[in-house]
Amino acid sequence: MSGPPGVTFETLKKDIRLEWRSKDAINSMLFFALLVVVVFSFSFDPNAEESRLIAGGLVWVAFLFAAVVALNQTWARELRNQVLDAYRVSPAPANSLFLAKAIGNFIFVTVLEALMVPLFVVFYKLRVLGPAWQLVPVAVLGTWAIVVNGTFFAAMSLRTRSREIMLPLLLFPITIPALISTVEATTTILVGDPTTSAKFWIVLLATYDVMFTIACLALFETVLHAE
Amino acid sequence: MNNPQAAQPQADAIIIVTNLVKQFGRFAALRGVSASFAPARLYGILGDNGAGKTTMLRMLAGLVTPTRGTVTILGSSDPRKICREFGYMAHPSLLYDEMSGMENLRYFAHLYGLREDKRCAEIIVSVGLDPELARPVGQYSQGMRQRMSLARALLNDPKILLLDEPFSNVDIRSAREMVKLLGHMRDGGKTIFVVTHQASLLDGTANEFIWMDAGQILNRTPDLKFMETA
Amino acid sequence: MRKAFPILGVLTAILLSYALYLAMLVAPREQTMGDVQRIFYYHVPSAWTAFLLFFINFIGSIQYLVRRNPVSDKVANWTIITLAVLCCIGGVVVAVVPDLKAALPEGTEPSAIGTTGVIIAIAYFVIRKYFNIDAVDALAVTTAEVGVVFCTVVLVTGPLWARPVWGIWWTWDVRLTSTLVLWLIYVSYLILRRFSSSGQTPVMAAALAVFGALDVPLVYFSIWIFRTQHPQPVIGGGGSIDPRMLHVLLMNWLAFLCFAYLVCWSRYRLEIIKREVEEAQALESLLEPRSAPR
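Residue numbers (this note's numbering), protein chains in the order written: chain A, 1 to 227; chain B, 1001 to 1230; chain C, 2001 to 2294.
By construction, these hints were calculated from the structure, which means they are not laboratory data.
One thing to keep in mind: the hints can contain errors.
Claimed, not checked - Incomplete in silico selection of chain B near chain A, CB under 10 Å: (1) ALA1061; (2) SER1077; (3) ARG1080; (4) SER1093; (5) ASP1097; (6) HIS1110; (7) PRO1136.
The beta-carbon is built from N, C-alpha and C at its ideal position, and this holds for glycine as well.
Given these sequences and hints, build the entire structure.
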């Protein structure tokens, strides 16, 4: 594979290899995800019907917090030993780096979600009453929405003081429409009311994803090289 | 305060900087630097901390954009357009601690579109290290790490090398070997810039020493005698 | 301009007083809500002023990003012109095709589409002509700060109005929620500006402003769909408005705009002077060496 897609693929491979080798990072992230679910479960103790109404919100807020911790980590690796400079002086395109990081983050956050969802189902005795297959596009589109903007703002936060707090500060307002869409879509599917449909929300999510992926790709090079 | 030699750019100049100014808020790291540099030379850039040496090197590498002034390298005014022609090395290793030397170089070679392992192995050998070594770079000694970092900078066979404090914390033997290697490369036609506090290491190998202070070039001399009289 | 400032200040004070008088005493008493409704004359003009300021910030941010490179600058210019032309054509098409005309929101004329496009283009090129690239960034900071102030007024007056009339402090009303998100985005914008190091601040802030601008319509739509599924009370009323009330509303808006202009002008001057001082300080010892004798 040559050219920009090749660079993306190689960078992604390298990131996965590095992540695998420093297993402490993955382990602590997985444990953090578990803790988040447990803490939420202690805070709310609904019956089965109530839980279907609030689970959508809880799950996605939990994902958002877990994602923020993961996102902060992945760029931190590029700062050690100033490795990012080596990328910047090379002819490799900035967007290849962005896509590699975004896809890597997407995989990482999906793994976290795959751990958290069964726990939520167990603790909240969840049962899906609507078309369960629709949860897949919601999960994919919703995760990408958080990850694509998260990767971009995490890169921006690298150049600021209080790096760890800047990421959620910048990310949360921008992801509000995506959060509304995912929560509403998930709740609609869980409750399974035949008069409502999650289709509007899925379309809105897709629109959000397309718009912001384009915006990130258009502006990432500028942000990477700003100095 | 600039050396009269720099007033007219040399005919065969490979790098020309004109009135470079770099301002970080209230602090001016570079205050109007103008100079030209000829090809196939080894330049030592010397000066106290805060003199602007690192800023100037990073500006040549395209990592920092000037507040005012221009940098012309090989005829192009945007260093990023001709990034294949130079290699950059700094005091941090610019390598991934968890991967071995060969794995690091293989990755960076991909960024330049080079896919042969053979080239990576050759370069590692040329800096005096073992390509088979599976030990992660994080466990190298400082001398080995700097040499591997130099190998990374050499991957694309650049015409220009920009090295920022390459000998810091390196044992004398490795440092001297690196200088010898740099001399060979200069003889082979590369233009090399070395920012260092250990000027004595370059004595005898460097073609010219550039003395910087307070964001400007004080003087350019062929040897280290300036240091004794200043 | 310096001489004009006190004169404008006095004029604005007079205008604001007159607008207050109109709002409190002259405007007719609203049927259902009573005198509480008069807060409307502060809530709505603040919102319009805030949106206008944020819009100027958006234009400034785009300009800062595209004007650094002559190619992107030209592309942006032609894009704006094309958009304005398309809006005019769109306005004509909507006016001519009856189905489309019926689909417009109540009270909107088809010509508004064309006018909006043209006004946006004019604003873009006027700003481009009178502000060079650094000044455009100073303009962005100014409008963001003053905009946040006006936006805060909207978010405070909204609940203050809602509580006596509907008995609740907050509702997921489309406009109020979009305003809240806009406020959040611009507060994070100001925090980013404060926390980033000076060389990169304008670029990163401009990128964030562009993201924010893309976000707001999506927020609007998502709340709109949300409300069709979970009906909520509407704050701010919709539909037509009594012409006497409209007159008072517009007078208040004019007064607010003059006030906003004065504040922005002061802040902008302050920002420009601050940058000049920084530059002078940075280069001052070009004439004197700063190193101690060795």
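Tested hints:
1. ALA1061: 5 Å, holds
2. SER1077: Where the cut-off is 10 Å and the nearest Cβ of chain A is about 16 Å from B:SER1077, the hint is violated.
3. ARG1080: 8 Å, holds
4. SER1093: Where the cut-off is 10 Å and the nearest Cβ of chain A is about 5 Å from B:SER1093, the hint holds.
5. ASP1097: The hint holds - B:ASP1097 has a Cβ within 10 Å of chain A, the shortest such distance being about 7 Å.
6. HIS1110: Hint holds; B:HIS1110 Cβ to chain A Cβ min 4 Å, cut 10 Å.
7. PRO1136: 8 Å, holds
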